[in-house]
Amino acid sequence: MINIILAVLFVIVNEFYGLNVVMVFEEERLKKLAEYELPKIRVYRKRLVQCLGFVFFIGNSKVKIFISVIGYFLYKRDYFRMIKKERELKEAIHYAFPIWIRTIQCLLQNNTVVSAVSLSLKFVPEVLRNDLEYLLVRLEAAPESLSSYEEFMSEHKNIEIQKMMKHLYRYSRSGSKDSADAMFRMVDHASIWMGDVRTEKQSAIISSFSWLGIIPVASVSIFFVLIMFFVMVQMFEGGWV
Amino acid sequence: MMMVGLSLFIFIFLYKDIRLFVSKRMWERMFIHRDTKYSNRSLLVQYLGLTLSIVLVSYFFTLPFHLSLLLGFFALIGFTLLISWMFVFNQNLHDFNQYILITSHLSAHFRMNKKILSSLEEVLRVVDKSHHELIESLIHDAYLGKDMVYSFDALSSHYLLKSMVSMMQHAEMYGDEEIDRGLSLLERDVDDLMEDVYQFVGEMFSFRRKLILLVVFGIGIALVSRNMLRMVVDLNLSTYYQNTAYVFLMSMILVVVSAHRVFTRGLMMEEESL
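Residue numbers (the working numbering), protein chains in the order written: chain A, 1 to 241; chain B, 1001 to 1274.
If you are wondering where the hints come from, they were derived from the structure by calculation, not from laboratory data. Even glycine gets a Cβ: it sits at the ideal position worked out from N, Cα and C. Warning: the hint list may mix true and false statements.
Just some of the chain B residues that point at chain A, by a computed CB distance under 8 Å [to be verified]:
#1 P1064
#2 G1072
#3 V1088
#4 K1114
#5 M1167
#6 Q1169
#7 E1178
#8 L1185
#9 D1189
#10 V1262
Computed cross-link-like contacts, BS3-like style, restricted to lysine-lysine with a CA-CA straight-line distance of at most 30 Å [to be verified]:
#11 K122(A) / K1210(B)
#12 K201(A) / K1210(B)
#13 K166(A) / K201(A)
#14 K90(A) / K1115(B)
#15 K62(A) / K31(A)
#16 K46(A) / K201(A)
#17 K1114(B) / K122(A)
#18 K62(A) / K32(A)
#19 K31(A) / K163(A)
#20 K157(A) / K85(A)
#21 K90(A) / K32(A)
#22 K122(A) / K46(A)
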């Protein structure tokens, strides 16, 4: 009886103060990624705690252990989803960035860095668009600021991007001979990068079919076990003696 | 009898699709593009040979005739699927080859003419008949002075083509002394792309070969095990054994068919389209 009273009390208290207690994500990068989903996640977690808490109070010890394990994964569901989303975003950026830098290199033949960035927005991969628009605003305000280049997509901590942006900065600041050298270094780097990401993607496609290789091996094993079982049954049909 | 009845029902149900797949038009479309080093015909013959062998091997597994017939029937369904997949692969490969041909010729002629319109007219001479209509519509757009970057979307929205056309358009409108250098960079990328895609196609074939090898080994091992156990107990008349052997051989046909599914994947990555 006392358990039911505690459970009802927990539900009532959670209804009023649950949202204040519920944590969403500790990591700032995940909070930023789930910006528009945060209120929804908060409400989901509050309701989850309410339901599981109620069952936890009225259940026996086995139910409590079960609820704790299931509850952990349900509570962390959005966290795992965001981690996956973050990984996919990083992969997409890693693929899209050399494409953009190639466009920039072509445009740099006849433009300054700022106007090349501006012109490149016409055919930039969607995953880079917002960051590039922000970069353009910063470059237009202060074209010679190193921080604009350094802070571009710095939250993704991609060393390749940071290296390439430094090449771009050096290109924008250097004289004609130095700029040609910087340009060639960028070209070489971007070519290798592009080749690597493409090959990785192609290998991933082939790997996605590799589970088929298990079927022949598993089939022959199962076939052998089944007919072996049949043979054993036939042999001992009349008993052991 | 029930199995045979079911097979006939499925066959009647799929009759129209099967007829379409093996129609003369489909075959003509499949083998029309002969500019590739990969032969669909040899793949189809290999598939037929292999599945026919599996059906014949069912005799050594002492399967009853109706189950062997059923295996043959499913191999036939697999064959129709294979034809459609190989058609997709062939079309992808042909489109890719034409894409490479168009970009390299467009770039080469633009270096000389410095005009997109006249470069496209030169491209029209070398391109395959299947792409004539498309190039003609591009020529028409260039003649009308439309934004060619968007017009070329009808051919491909690959980033290399977009960058190339954008540079050409810019050079045509405002002049660009460094255009040759920019085009050289893109040509190098086109070469890299071609190399990567052909390597990818090679990997597809290698993957298929490995799977088929596994199937052959699997059947061999199963046959040896079966013959070994037959010496202890007579398996031939048992329905339990026959059904097990049938499901085993069926799964092998399924793997042989599925091994070709890899060819349906696009050759150019979606991420490279803008």
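Quick rundown of the hints versus the structure:
Against a cut-off of 8 Å between C-beta atoms, the interface hint on P1064(B) is violated, since the closest Cβ of chain A lies about 17 Å away. A hinted interface residue such as G1072(B) counts as satisfied when its beta carbon comes closer than 8 Å to some beta carbon of chain A; here the least separation is about 19 Å, so the hint is violated. Of the supplied interface hints, the one on V1088(B) is violated, with its beta-carbon coming no nearer than about 15 Å to a beta-carbon of chain A, more than 8 Å. Taking 8 Å as the C-beta contact cut-off toward chain A, the hint placing K1114(B) at the interface is violated, the least distance being around 14 Å.
Hint status for M1167(B): holds, given a least beta-carbon distance of 5 Å to chain A, under 8 Å. Violation of the interface hint for Q1169(B) is found here, the shortest Cβ-Cβ separation to chain A being roughly 11 Å, above the 8 Å cut-off. Evaluation of the E1178(B) hint against chain A yields a held restraint, the C-beta minimum of about 4 Å falling below 8 Å. At a threshold of 8 Å, the smallest CB-CB gap from L1185(B) to chain A is about 6 Å, leaving the interface hint in force.
Look at D1189(B): its Cβ gets to within about 7 Å of chain A, closer than 8 Å, so that hint holds up. About 5 Å separates the beta-carbon of V1262(B) from the nearest beta-carbon of chain A, less than 8 Å, and the hint is met. Between K122(A) and K1210(B) the alpha-carbon distance is near 44 Å, which puts this suggested pair outside the 30 Å criterion. For the hint linking K201(A) to K1210(B), the alpha-carbon distance of about 20 Å falls within 30 Å, and the restraint holds.
A threshold of 30 Å between alpha carbons decides the hint, and for K166(A) with K201(A) the separation of about 27 Å falls inside it, so the pair holds. Restraint check for K90(A) and K1115(B): not satisfied, since their Cα atoms lie roughly 40 Å apart, outside the 30 Å limit. Restraint check: the Cα-Cα separation between K62(A) and K31(A) comes to about 35 Å, which exceeds 30 Å; the hinted pair is violated. Simply put, K46(A) and K201(A) have alpha-carbon atoms about 40 Å apart, too far for the 30 Å limit, and the pair is violated.
Between K1114(B) and K122(A) the alpha-carbon distance is near 22 Å, which keeps this suggested pair within the 30 Å criterion. Annotation: proposed proximity of K62(A) to K32(A) is violated, straight-line Cα distance about 38 Å (limit 30 Å). A threshold of 30 Å between alpha carbons decides the hint, and for K31(A) with K163(A) the separation of about 27 Å falls inside it, so the pair holds. Our distance criterion of 30 Å between C-alpha atoms is met by K157(A) and K85(A), whose separation comes to about 16 Å.
The straight-line distance between the Cα atoms of K90(A) and K32(A) is roughly 14 Å, inside the 30 Å bound, and the hint therefore holds. Annotation: proposed proximity of K122(A) to K46(A) is violated, straight-line Cα distance about 44 Å (limit 30 Å).
Checked against the numbered hints given earlier, this structure breaks hints 1, 2, 3, 4, 6, 11, 14, 15, 16, 18, 22; the rest are met.
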